[in-house]
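Chain A is already provided as a structure; the job is to place chain B on it using the hints.
If you read the protein sequences in the order shown, they are chains A and B.
Residues in the first sequence are numbered consecutively from 3, following our numbering.
Residues in the second sequence are numbered consecutively from 2, following our numbering.
None of these hints come from the bench; they were simulated from the model.
A few of these clues could be false.
Simulated DEER-style distance windows between Cβ atoms [claimed, not checked]:
(1) GLU356(A) - VAL74(B): 56 to 64 Å
(2) ARG305(A) - GLN92(B): 51 to 59 Å
(3) VAL280(B) - VAL410(A): 51 to 59 Å
(4) LYS206(A) - VAL280(B): 46 to 54 Å
According to the in silico footprint, chain B covers these stretches of chain A (three or more CB under 8 Å from chain B) [to be verified]:
(5) 123-136
(6) 251-258
(7) 276-285
(8) 386-395
Idealized CB from N, CA, C, for every residue including glycine.
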Amino acid sequence: MRNILKRTVLAATLAAALMGTAPVTQAATNEQFIPLPTYRVGPYASSGIPWWAGVIDYLRYINEVEGGVDGVKLVWKECETEWSTDRIVECYERYKKGYNGAPTAFFFTHSTPASYALMDKGVADRIPLVDPAGGRTESTDGSVFPYAFPLLLNYYSQASVGINYIAQKEGGFEKLKGKKIVTVFHDSAYGRETQAPMELLAKKYGFENIQIPVADPGNEQSAQWRQVRQIKPDWVFLRTWGVSTPVGIKTAARFGIPVDRLIGDVWAGSEADVLPAGAAAKGYQALAPFPGGADFEIHRRLRKFILDAGKSDLKDPKFFGSVYYNIGLINAAMAVEALRTGHRKFGNRPLNGEEGGWAFEHLDISDARLKEIGFFGLLQKLKLSCNEHEGGGAARVQQWDGKKWVLVTDWVQADRKALRPLIDAKAAAYAREKNIKPRDCS
Amino acid sequence: MNFFLETLIGGLLAGTMYSLVAIGFVLIYKASGVFNFAQGAMLLFAALNCVSLQEAGLPFPAAVLASVSIMIVLALAIERAVLRPLVGRSQITLFMATLGLSFIIEGLAQGLMGAEVRALDLGIEDVPITIGDIMVSQFDLFAAATAGILVLVLALLFNKTRIGVSLRAVADDTRAALSIGINLNRIWQIVWAVAGIVGLVAGLLWGARQGVQFALSLVVLKALPVLIIGGFTSIGGAIAGGLIVGAAENLAEVYAGPLLGGGITPWFAYFLALAFLYVRPAGLFGERAIERV
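If we strip away everything but chain A, and leave its shape as in the complex, we get (with noise of 0.2 Å):
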């Protein structure tokens, strides 16, 4: 008995020992880490499920089909965090300094509240927090935020580009004058976010703003789409999320909204949001940043040598080309292509945070490169800079005809001449609030 012990003991010293040297006798050299803060179960598992396979496809066809990034190998590993702050913050704790040797160079966190929660800790670690459509809006000024980046499409150009195009179906802004546009919103923080700007260019073009709250979670709306009814809007903007979207859309119908009338927002515009909602969400239209569809270049290749070699991380093959899967396509090639920025600065090796941050802050993704890998129309052209970290400010909008999205548009850009100031003021009180002393950007 005492020699089992003994043994016991024994092997386990050795097992501890091993482990801990684990990590330098595994250290990669030419490898760069993602984190995944990832919700695959949970209360949001049916969007997340979709969108982190279309990120760990895009990586695998990265790695095993052009070999990596400039050869330099993608390595990541997942965070189970159920969309929940906490974990989101405890992954980044967990992988801020690598794994393995390989540095991490960015983390996406994917949530506005974490992106809020990690704001001082991003700039402390000097690790990029990416948010693409989402984040904290006034982030876009990089002299203050020099580690946030709320990519593709802010809170505030979301607003713009759902009025420019109620403005492009009028016939111009002229025609905004005098009509009542009410936003039907998520009250949360994500849900309020957009009433600055709504104000700002109901002054500017003339037309009524109407703003009317639905609590979490949503699913019981009649007393707001009565509201809705009597103020007999011209247009309505959705900017719900999770199961208030499909519950507003069938309550607008069931009292008489026409459903054309309605626009929903990047985060009511997904199969999710129109499929329980059924013949109700036929001609529905809602802002793509992340368009929906399989048949862009891509998708294509993806096919073939991912999905068709049996390498998917999609369980469920009828979520190729839905939106979460896109949206996980896009990240990973914003990511992918920051990576490639950075080596042309700092050679073809694994990016720390910092020149994660400089890849970042200095990303241009042209129509030409756009066709290049295969993204051509699935995501819109991006510029960065030191004090412009939102890069595209554009978004397309599709409709759903009863069994799939159509692009109806293409890429309708936000008025960010407008909005500027406004981001600008919020910037200034924030660095104001937190002592911070802005960068030169000039």
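Leaving out everything else, chain B in the frame of chain A:
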């Protein structure tokens, strides 16, 4: 005036959807004194079963029948594996057991049947019909009729059958019921099975409205104020509580909401429940507990 009436009627009808969820809680609480935290998870599990079977090619009535069978098997399993080993333990222990059970059922449901959002079409159009100048939801009318039928069936079960008499005996005095030979385990099995079937009905109606997805398990949050107002031990109370909550939160949202920043429905229902607690702690139709001290 028309707008007020329409809001009131719409709210009352919406309230019956809350009542459907609350009835499941009442059944189990009445028979065992346990607040079943897993009722929401059972509702999700039942609805997911039904749509998964439909996707597998079963016609809707067959999928519903199969789901009823599955809910009965689930009830038997819960009684055998969770409740029976805990007989005689405190109510808080049983409550904590149902808390754990809810996470297990939610995980099991999503693991076995997938996490994606599914559409559910019951063939009832969610379009309004106009009665006079008042617009009423056809779907809400259907839900109200379903709730009415459910209450009728449960009333018959409780009052006109031998099983019902046994259930009432257990609810009134468990020890006395045991002393005359009523099988407590069997009663629990039946009650959990009936609560599972009620969960299926509620899950199908809520699933048709919002899609069958994880968020279904959150509709129980709407049932809590209904239970506080109506009482935890009365099915009629669950109906009355649902109607009160539905009407009050709709009227409050429309008339008081703009003054309070809007989006007040969730907390207003709880505010109302709190007010009822001051006046009638056992709820409108709940049984007052009288204890010798």
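Verification of the supplied hints:
1. GLU356(A) - VAL74(B): 56 to 64 Å: Given a distance of about 58 Å, which is inside 56 to 64 Å, the answer is holds.
2. ARG305(A) - GLN92(B): 51 to 59 Å: holds, 57 Å
3. VAL280(B) - VAL410(A): 51 to 59 Å: Holds, since VAL280(B) and VAL410(A) (Cβ atoms, about 56 Å apart) stay within the stated range.
4. LYS206(A) - VAL280(B): 46 to 54 Å: holds, 52 Å
5. 123-136: violated (count 0)
6. 251-258: Satisfied; 5 residues make the cut.
7. 276-285: holds (count 5)
8. 386-395: violated (count 0)
When held up to the earlier numbered hints, the structure conflicts with 5, 8 and fits the remainder.
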